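Chains as they are written, first to last, in our numbering: chain A, 661 to 1018; chain B, 661 to 1018; chain C, 3 to 349; chain D, 3 to 349.
I should point out that these hints are in silico values taken from the structure, not numbers from a laboratory. In this text, all values refer to a predicted model and were calculated from it rather than measured experimentally. Built from N, CA and C at the ideal position, the CB exists for glycine as well. Keep in mind that a hint or two might mislead.
[Stated by the list, open to error] Derived SDA-like pairs (lysine to any residue); straight-line CA-CA distance at most 25 Å:
#: 1; chain 1: D; residue 1: Lys264; chain 2: A; residue 2: Asp906
#: 2; chain 1: D; residue 1: Lys264; chain 2: D; residue 2: Leu111
#: 3; chain 1: D; residue 1: Lys264; chain 2: A; residue 2: Ala726
#: 4; chain 1: C; residue 1: Lys264; chain 2: B; residue 2: Pro701
#: 5; chain 1: C; residue 1: Lys264; chain 2: C; residue 2: Arg59
#: 6; chain 1: D; residue 1: Lys264; chain 2: D; residue 2: Glu322
#: 7; chain 1: D; residue 1: Lys264; chain 2: A; residue 2: Glu866
#: 8; chain 1: C; residue 1: Lys264; chain 2: C; residue 2: Arg285
#: 9; chain 1: D; residue 1: Lys264; chain 2: A; residue 2: Arg868
#: 10; chain 1: D; residue 1: Lys264; chain 2: D; residue 2: Thr278
#: 11; chain 1: D; residue 1: Lys264; chain 2: A; residue 2: Arg859
#: 12; chain 1: C; residue 1: Lys264; chain 2: C; residue 2: Glu346
#: 13; chain 1: C; residue 1: Lys264; chain 2: B; residue 2: Thr681
#: 14; chain 1: D; residue 1: Lys264; chain 2: A; residue 2: Arg934
#: 15; chain 1: D; residue 1: Lys264; chain 2: A; residue 2: Gly925
#: 16; chain 1: C; residue 1: Lys264; chain 2: B; residue 2: Ser928
#: 17; chain 1: D; residue 1: Lys264; chain 2: D; residue 2: Asp275
#: 18; chain 1: C; residue 1: Lys264; chain 2: C; residue 2: Arg194
#: 19; chain 1: C; residue 1: Lys264; chain 2: C; residue 2: Ala45
#: 20; chain 1: C; residue 1: Lys264; chain 2: B; residue 2: Ile872
[Said to hold, decoys possible] What follows is a set of in silico ranges between Cβ atoms, one per label pair, in the way DEER data are often shown:
#: 21; chain 1: B; residue 1: Arg959; chain 2: A; residue 2: Gly753; range: 18 to 26 Å
#: 22; chain 1: C; residue 1: Pro191; chain 2: D; residue 2: Gly14; range: 44 to 52 Å
#: 23; chain 1: B; residue 1: Glu866; chain 2: A; residue 2: Ile877; range: 34 to 42 Å
#: 24; chain 1: D; residue 1: Arg263; chain 2: B; residue 2: His694; range: 40 to 48 Å
#: 25; chain 1: B; residue 1: Asp730; chain 2: D; residue 2: Asp73; range: 47 to 55 Å
#: 26; chain 1: B; residue 1: Glu866; chain 2: C; residue 2: Gly312; range: 28 to 36 Å
#: 27; chain 1: A; residue 1: Asp963; chain 2: D; residue 2: Gln344; range: 32 to 40 Å
#: 28; chain 1: C; residue 1: Glu193; chain 2: A; residue 2: Gly786; range: 54 to 62 Å
#: 29; chain 1: C; residue 1: Gly312; chain 2: A; residue 2: Gly786; range: 49 to 57 Å
#: 30; chain 1: D; residue 1: Leu348; chain 2: B; residue 2: Asp844; range: 26 to 34 Å
#: 31; chain 1: B; residue 1: Ser874; chain 2: A; residue 2: Asn867; range: 53 to 61 Å
#: 32; chain 1: C; residue 1: Gly93; chain 2: D; residue 2: Glu232; range: 28 to 36 Å
#: 33; chain 1: B; residue 1: His694; chain 2: D; residue 2: Thr41; range: 55 to 63 Å
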Amino acid sequence: MTGVTVEQERAAAVPAGPGTTELSMREAVNRALHTVLGEDPTTLVFGEDVGRLGGVFRVTDGLQRAYGEDRVFDTPIAESGIIGVAVGLAMNGFRPIPELQFDGFCYPAVDQIVSQMARMHYRTRGTAAMPITVRLPSFGGIQAPEHHGESLEALFAHVPGLKVAAPSTPDDAYHLLLQSVRADDPVVYMEPKARYWERGPVALEENRATPIGSSRIARHGRHATLIAWGAMVQRCLQVAELAAEDGVELEVLDLRWLKPIDADGLVSSVARTRRAVVVHEAPLTAGLGAEVSALITERAFRDLAAPVQRVTGFDVCYPAGPSNRSTCPRSTASCSRCNGRWSSDDHGPTHLRTARPR
Amino acid sequence: MTGVTVEQERAAAVPAGPGTTELSMREAVNRALHTVLGEDPTTLVFGEDVGRLGGVFRVTDGLQRAYGEDRVFDTPIAESGIIGVAVGLAMNGFRPIPELQFDGFCYPAVDQIVSQMARMHYRTRGTAAMPITVRLPSFGGIQAPEHHGESLEALFAHVPGLKVAAPSTPDDAYHLLLQSVRADDPVVYMEPKARYWERGPVALEENRATPIGSSRIARHGRHATLIAWGAMVQRCLQVAELAAEDGVELEVLDLRWLKPIDADGLVSSVARTRRAVVVHEAPLTAGLGAEVSALITERAFRDLAAPVQRVTGFDVCYPAGPSNRSTCPRSTASCSRCNGRWSSDDHGPTHLRTARPR
Amino acid sequence: MQTNEGPAAGAGLPALDDLAPDLSCAFYRDMLTARLLDTEAIALQRQGVFPAYVSLRGQEAAQVGSAAALDRERDFVFPTYREMAVALTLGVDMVGYLASHRALWHGGLYDPMASRFGAVNAVVGGPVPHAVGWAMGERLAGRRGCAISYFGDGASSEGDVHEAMNLAGVFHVPVVFFCQNNQWALSVPNERQIAGGSVAARAAGYGMPGTAVDGNDAAAVYRATREALERARSGGGPTLIEAVTYRVEPHSTSDDTTRYRKAAEERAWRERDPITRLRAAMRAAGHAGDGFFERAEREARATAEQVRDGVSAAPEPAGEDLFGYVYREPTGELARQRRVWQEEVLP
Amino acid sequence: MQTNEGPAAGAGLPALDDLAPDLSCAFYRDMLTARLLDTEAIALQRQGVFPAYVSLRGQEAAQVGSAAALDRERDFVFPTYREMAVALTLGVDMVGYLASHRALWHGGLYDPMASRFGAVNAVVGGPVPHAVGWAMGERLAGRRGCAISYFGDGASSEGDVHEAMNLAGVFHVPVVFFCQNNQWALSVPNERQIAGGSVAARAAGYGMPGTAVDGNDAAAVYRATREALERARSGGGPTLIEAVTYRVEPHSTSDDTTRYRKAAEERAWRERDPITRLRAAMRAAGHAGDGFFERAEREARATAEQVRDGVSAAPEPAGEDLFGYVYREPTGELARQRRVWQEEVLP
Ligand SMILES: Cc1ncc(C[n+]2csc(CCOP(=O)(O)OP(=O)(O)O)c2C)c(N)n1
Ligand SMILES: Cc1ncc(C[n+]2csc(CCOP(=O)(O)OP(=O)(O)O)c2C)c(N)n1
Ligand SMILES: [Mg+2]
Ligand SMILES: [Mg+2]
């Protein structure tokens, strides 16, 4: 590994300094929940084990004590019911922030998410707002049991009526969650579990003006654009660091809003770099990488010096621990087609390996 | 409209003649169910209203009478339970063919489909086979109430462990269903409701050798490839017919297997035509068209004279009747970018309009 | 298998003793109006104005009796697709309601929030947890409204209904679960739908009162609902009511009942018609006479015809609405798609 | 809110009167082996061999007592993730079972079909309808096996459990729903989980027998399960058993109970330990003496150590298995991806 530390890299995105506070991502989410619970009495936090326990990841720690059992409460184990209740609460003027405990346990709630939450505003011709933010600890990389490492962004991004966010830094975790809760549309807010413990500066006081649907250039470069979200952004930054040693300057675009997607941001980056690689943990086939690839190809075909590559999880069921360590997507070959050949030495806990020049 | 009739066009795919029988698609599906129930005593047909009523589309008509209430039966309204029961039956040596009544009502079963049916073979290291075929009347175009016009192929195609079929002709409906039921893996079998009543020749006796995952060239052409499945194949054939009057020869590729996708078939068609348009009813964003586009771009980039275009439903909730008639995807502009400009005059019941040269 | 132990629907005359004549007259007017409107709607389907229609015929007492017990200012109804008489009783704009059946807009063209009658919802079981959430909100806000969720015997098999009832019990919220057991879920009868034979019997398992009531007796339904609402309003938590009635018409205009049930069964139930029974009881109790019934008939007919003409003539919503209501805060991508639609599809 | 009306778990000594001493000895051996293996597993987690572990400590009687009633040749178990003592009693290869906790393979490395003990399943409520389907199949095939579904108090809130029970009732199939109510679902106690307070009370709503049993009394659990299985086997349909017990350990090794429950509660339940109680009852009934208990301890310890060493040393499955088990009939695309993996990831 190079000497690049996690902190240094994130610092590049949001400079530490006066006005920022060093927080882990789960602390940042917790602070954002404090902020919205404090500013808006119609906000409610509920889900499995979010109250007394403070959530299995302690993301909701202390909220029940601060805002009471009426506004922060545990529910029975009923994911469909949890979202159904959120829909009813929204119809009665509340701004619910339900948590589904893990990505893999949101499947029982898909009907309520797709057929009810996402469409109620439409069905009622705009009379019933659905300002619901579904918090969903997401993605892999924590060596957990089955169903605790799913990447569901493609499912949600396909659904009219939903918006989907997936932050990669504590600072974005904080500000994107504020935006999501304050928005009057339903948002599926996917928190990369593998990044919960990583720290970085957060501009708590700032009122971020970036609109919903904006991407972020996490690193500037000119030879190719790596496009990622969630935990994969950090991986891409590591890849870019290694590539830089080899004289290859990779741009890293943190998509962060998976619906709507920042098409302009993608196109303007690719117009400069002429090559793009989209990286995600979800299986390859019909993953969101396909959308990113198709979008770039449609809008920037003449700019592309090479086809957009996808570096993704394999089309397999998310594996158990040790096997997980040995399943990594096609980082090397795919990147190499754009950027010269690397080999890899890091079988890290997350899906995408760090690549190293050879 | 040109004088091309539905029958003539389909006849081009499977020639009528000795050894074929003229059937509607729903009759073809019914015949296939008769065949598998007759040949394999472990097959079972069940779901909501499939027994005594014979299904809301009469697709299962007569099966209960012929094979008894033990093998063809009605269930309570419990989609998750229906698939859960199918999983248990498969673990006890059966070959279940559950029906979910409509596309939009499969959402409550998504957890059982994704977390159980698709993974049980994997979870049990191959000891429990899941030879389940989930029949799902699918797609739009029948001016039905809400949730009766959903196109869910992108969701299913993303799931490791599933296979997904969507026939476009009675002949394929028959043979793909036989293949699906006889296969030892779970298949989501999407029947295009809008085509249920259309007739065509079916080679009932033939033992189709085409493997799971093969596509079909529905019409040969050399200026561009239109890629579609389900009811959109017919629309594309109509478009091709009109384009032909204009001297443009469009190839129409019926994907028919949406997982696995026939990448080789796509690449070899596009290698000839150098242009591709993928057409589907589902919303644009993160639809299966993105996968088809990305796949072609990755594997045939140097062959492409233009970016792969997507002609799809808009990113809106599937509309009610009359509005439905006026919502049509971007057929004109998209096709025109590859193939010269057409206008359209047919606000037909299905999502994609027929285009007409001007 | 157990059978339903509730009162056999349709036996004897409704008991009106404790009911003010005003109330029975109101029931009658709404039930008759719903009946005539239902008949008009079936005709509109035959004429091709509606692509399809689901009749509530035979269920007027269950719907009007329960809806009449609601507080229109405070309560909120979560319907399915067959609650036309509930909508009518609540004063919902009926042209807007029937617009859903003309396929002008899936949820209907009335204002569900102002009407306190949710949008038409086609997912069997799906809206039941919404009622629980709404009721939780009501309690949190310190208001005194109740939610009522209408669902069918078939819907009772869905997981969502169980989750909703358990949640309502755990949070002890003011919600009434109102099951119209019309004996059939499309082609499937109660025996193959409801293990144990009684939906009302499920209530005990959630620690809530459950009651089966003659769903063809408007007064009995009214009393049971009023009692449940009073309990809910005073902090007594949820109640499950099973109104035993019958779907005398096919499931929808596309359905064919000869495939799955006997004409004799339908006939027998048509004879226990809730409107006929209410009229007889009103006469017997001296609540009303010929004059009232004739006037009611005239007025109901006028309303039905007016609504029929209104819904037939209602303009189609603007095509732009397809794009306008997906989000409250529009996205650039959808604006782009709207432009494509305007340029390519609209002309 | 109602409270659980079943027998308070853990009071008095198990009654062994109608039990052959062989049987109580078998219970004891399995319970003790499970306990020692559980202790080894917790240690393995502390040592970093297991990434996490879920203890069944305190639930040995519920698991061994019910599993002992099963016919190993004919019945089939649908477990969740906490049924280690059921697996043991059924003779499942315990190294293969614990391999799941070492994260070698999610479902475990034993053969679930041959063991008649389904793969470890982490979806709360998800496997319950599988038991119903399996039991339907058994009846259709004219065989006489029964399915048993294990699930927790928390799982009882899931829609799938309701759908499964209703389906089982409607189809009248040979299945036993066995709820281990260990009072906690992670951090949530029964009062906030189970409306009405009793899972067993739900049975009546489905027209099936429901019984709450002292889950810390192996003999009582055995009797209740045997009775349910006999009824099911002779065509009497499903039964719901609620074994009232207690999860004395944290939910998993990553959990911290001090955040949500009192140490005194845990202590009180540790004192009602099912193994201690069984031993005392066996002594009192003269079923066994020091010699047996010492031998049982020795043997259990030997087994536990052997399994511990086995699972610690078990080889990782081949990486290729990631691709090999997705389908029974492989796809070209996955073969391609496997090649990519071999070339790029494996080295
Ligand atoms: C979740 C779901 N599954 C299936 C359907 C299809 N469907 C529409 S109505 C119906 C029967 C409903 O029966 P019931 O709940 O008794 O209501 P009723 O029609 O008798 O009023 C079915 C199966 C649906 N609308 N929603
Ligand atoms: C569908 C689903 N939702 C949530 C979870 C997360 N989860 C794992 S165990 C658990 C508590 C389960 O409690 P209970 O059913 O009582 O079983 P116990 O752990 O007490 O044995 C939860 C919420 C899950 N595994 N599955
Ligand atoms: Mg019904
Ligand atoms: Mg528990």
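Hints that the structure is at odds with (numbers, increasing) = 1, 2, 4, 6, 7, 8, 9, 11, 12, 13, 14, 15, 16, 20, 21, 23, 24, 25, 26, 28, 29 and 32
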